[in-house]
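Numbered according to this note's numbering, the sequence shown spans residues 27 to 420.
If you are wondering where the hints come from, they were derived from the structure by calculation, not from laboratory data.
It is possible that some hints are incorrect.
As a list, the in silico DSS-like pairs of lysine-lysine whose alpha-carbon atoms are at most 27 angstroms apart [what the hints assert, rightly or not]:
1. Lys-316 / Lys-420
2. Lys-316 / Lys-285
3. Lys-151 / Lys-182
4. Lys-418 / Lys-382
5. Lys-285 / Lys-403
6. Lys-285 / Lys-382
7. Lys-382 / Lys-316
8. Lys-382 / Lys-403
9. Lys-420 / Lys-382
10. Lys-418 / Lys-316
Here are the simulated distance ranges between beta carbons [unchecked claim]:
11. Ser-162 / Ser-67: 55 to 65 angstroms
12. Arg-154 / Ile-43: 47 to 57 angstroms
13. Glu-134 / Asn-347: 41 to 51 angstroms
14. Asn-347 / Asn-131: 28 to 38 angstroms
15. Glu-134 / Leu-198: 18 to 28 angstroms
16. Glu-134 / Glu-325: 51 to 61 angstroms
17. Ile-96 / Thr-138: 16 to 26 angstroms
Where a beta carbon is used, it is the ideal one built from N, C-alpha and C, also for glycine.
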Amino acid sequence: SILCLPLRARGQVTGVIYADNRILTGLFSERDRDLLTAFASQAAIAIENARLFESVSNAKALMDNIFASITSGVITTDELEQITLFNRAAERVLRIPSTRIVGTNFSETLPTLAETLHPLVEQVKTYREPIVEYESEVSIPQRGPAILRASISPLKDTDESLQGVAIVLDDLTEQRRLEARDQMFKRYVSPAVIEQLPPDPHELKLGGQRQEITSLFADIRGFTNFSRQNDPEALVEILNRYLDVGATAVLAEDGTLDKILGDCIVALFNAPLRQPDHILRAVRAAIRIKEGVARLHRELSPDAWLDYGIGINVGDAVVGNIGTAQQMNYTAIGSSVNLASRLESAAAPGQILLSKTVYQSVQEHIVARQLPPIEAKGFEAPVPVYELLGLKQK
Numbered sequence: 027s028i029l030c031l032p033l034r035a036r037g038q039v040t041g042v043i044y045a046d047n048r049i050l051t052g053l054f055s056e057r058d059r060d061l062l063t064a065f066a067s068q069a070a071i072a073i074e075n076a077r078l079f080e081s082v083s084n085a086k087a088l089m090d091n092i093f094a095s096i097t098s099g100v101i102t103t104d105e106l107e108q109i110t111l112f113n114r115a116a117e118r119v120l121r122i123p124s125t126r127i128v129g130t131n132f133s134e135t136l137p138t139l140a141e142t143l144h145p146l147v148e149q150v151k152t153y154r155e156p157i158v159e160y161e162s163e164v165s166i167p168q169r170g171p172a173i174l175r176a177s178i179s180p181l182k183d184t185d186e187s188l189q190g191v192a193i194v195l196d197d198l199t200e201q202r203r204l205e206a207r208d209q210m211f212k213r214y215v216s217p218a219v220i221e222q223l224p225p226d227p228h229e230l231k232l233g234g235q236r237q238e239i240t241s242l243f244a245d246i247r248g249f250t251n252f253s254r255q256n257d258p259e260a261l262v263e264i265l266n267r268y269l270d271v272g273a274t275a276v277l278a279e280d281g282t283l284d285k286i287l288g289d290c291i292v293a294l295f296n297a298p299l300r301q302p303d304h305i306l307r308a309v310r311a312a313i314r315i316k317e318g319v320a321r322l323h324r325e326l327s328p329d330a331w332l333d334y335g336i337g338i339n340v341g342d343a344v345v346g347n348i349g350t351a352q353q354m355n356y357t358a359i360g361s362s363v364n365l366a367s368r369l370e371s372a373a374a375p376g377q378i379l380l381s382k383t384v385y386q387s388v389q390e391h392i393v394a395r396q397l398p399p400i401e402a403k404g405f406e407a408p409v410p411v412y413e414l415l416g417l418k419q420k
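Work out the full structure: start from the sequences and follow the hints.
Following this line, the structure appears as C-alpha cells:
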C-alpha cells in the first residue's frame, strides 16, 4: 500500500509526503488521503514560512553587519521621529550607545543635534527630496564641539509612502583641524615650498643643488626709529601690514618667500619651481611692493609712513634644505644672494636697486638709470648699480 502527496506552496511543488506498507494491501482509505492532504497543506506552509524566516533573518544579519561596518554614522527614524536604527559609527560620533537611543524620540534624546538638523528633517519630510552634505558645528555633551556633515534622505515603502528619514553623519572634526593646521603652516612656509614637500616625512633630507636664481631683499626703512616711538602692540600691527604688502607682492609673481628676518623679506625666484622669466618676475614683484606701500600710505597717518629699500640680483646659488636633521629651512646660499643683500643695504627708502646682470637681462622691459658703483662688503671691485624706475608701457 502506498500513499504519496505533493507539498505545494504558492502553486509550486516544494516536496512530497510518502507512506507505504509492504505487507498489507488496500491499507489506506479515502479518509487517510484527505487527512494527509490537509497535513501536507499545513506542512508546506510551515516549511515555506521557515525558509522565509531564515531568509529574512539572514538578510537582516547582513544589513546589520553592513550598517555596523559603515564608517559614517547612520540614524533612521519613523514618521513620529522615533529612532529605529543607530549604528556603531553613530555611537562613536555622538558618544552614546544605541541601547539608550533606539526607540526614543530623536529631538528629545539628541537635542543638540536635533536643534541643527530638525528644520532639515522637516524639509525632507515635506518635499520628499534629500539634502546632502550639510556641514555644521554641533556641541556634543559627552564630547564637546564637533564638525559634522549630514545627509538626510526620505525613507519610502514600495508604494512611495513616507516611512521616516535616514540621517547619515560624517565626522569632519579631525579633517578640519588638520586643514586649519595646514593653513597655519602655509603662513610660515611659502606655498611653492609646501608643494615640493615629499608625501613621506622620512624622504625629507638635507642637501641642495646649484642653479640660477633671482634673489630679492626688501627691508623696511625707518622702522628702528618708528619702534622707539610706539608701544609694542601698535608696532607689531604696523609691521605686519607692511610685511603683508611685501609678501603679497612676491606671491603674486609666484615667488618663494625664503624668510622674514624682522623687518626684512627675502624672496627667491626660479626655485623650487623653474620659471623661464624669473628675473622679470622679481622686478615686477619689486614694483608691486612699491605700489602696495603707496596704497598703504593712503590708509595710515603720516607718522606711520615707512618704505622699503629693495635689492635684486641674479646668479648661481646652492638651493635646498639647509640646517640640521631636526630643523631645516628651504633657502639659498651663495655670493649672488649676498650681492642682492648688499644692494638692498645700499638702497634708499623707496628705492629699488638692480645689479648689472639683472639690468641687462630685462632692460627692454624696464625704465632704469645707472648709478655710481657701490662698495659692497665681500666684493673686491666696485659693484655697478641701476635704479629701477618702472616698467615700460607695452
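Evaluated hints:
1. Using a Cα cut-off of 27 angstroms, the hinted pair Lys-316 and Lys-420 holds, with the two alpha carbons roughly 20 angstroms apart.
2. A C-alpha spacing of about 19 angstroms is found between Lys-316 and Lys-285, which places the hinted pair at or below 27 angstroms, so the restraint holds.
3. Pair hint Lys-151 plus Lys-182 holds up; C-alpha atoms about 10 angstroms apart against a cutoff of 27 angstroms.
4. The suggested pairing of Lys-418 with Lys-382 holds, with an alpha-carbon distance near 18 angstroms, which does not exceed 27 angstroms.
5. For the proposed pair Lys-285 and Lys-403, the alpha carbon gap of about 22 angstroms is at most 27 angstroms, so the pair holds.
6. A C-alpha spacing of about 25 angstroms is found between Lys-285 and Lys-382, which places the hinted pair at or below 27 angstroms, so the restraint holds.
7. Distance restraint check for Lys-382 and Lys-316: the Cα-Cα separation of roughly 21 angstroms lies within the 27 angstroms cut-off, and the hinted pair is therefore satisfied.
8. Restraint check for Lys-382 and Lys-403: the C-alpha separation of about 17 angstroms stays at or below 27 angstroms, so the hint holds.
9. Between the alpha carbons of Lys-420 and Lys-382 the distance comes to roughly 23 angstroms, so the proposed pair stays at or under 27 angstroms and holds.
10. A distance of roughly 16 angstroms separates the Cα atoms of Lys-418 and Lys-316; the hinted pair therefore holds under the 27 angstroms criterion.
11. Our hint of 55 to 65 angstroms for Ser-162 and Ser-67 holds, since their Cβ atoms are close to 59 angstroms apart.
12. Taken as a hint, the range 47 to 57 angstroms holds for the pair Arg-154 and Ile-43, whose Cβ atoms sit roughly 50 angstroms apart.
13. A hinted range of 41 to 51 angstroms is violated for the C-beta pair Glu-134 and Asn-347, which are about 58 angstroms apart.
14. Restraint check, Asn-347 to Asn-131: a C-beta distance of roughly 59 angstroms breaks the suggested window 28 to 38 angstroms.
15. For Glu-134 and Leu-198, the hinted distance range of 18 to 28 angstroms is satisfied, since their beta carbons lie about 26 angstroms from each other.
16. The given range of 51 to 61 angstroms is respected by Glu-134 and Glu-325, whose C-beta atoms sit roughly 54 angstroms from each other.
17. Our hint of 16 to 26 angstroms for Ile-96 and Thr-138 holds, since their Cβ atoms are close to 23 angstroms apart.
The structure does not agree with the numbered hints 13 and 14 stated previously, though it agrees with the rest.
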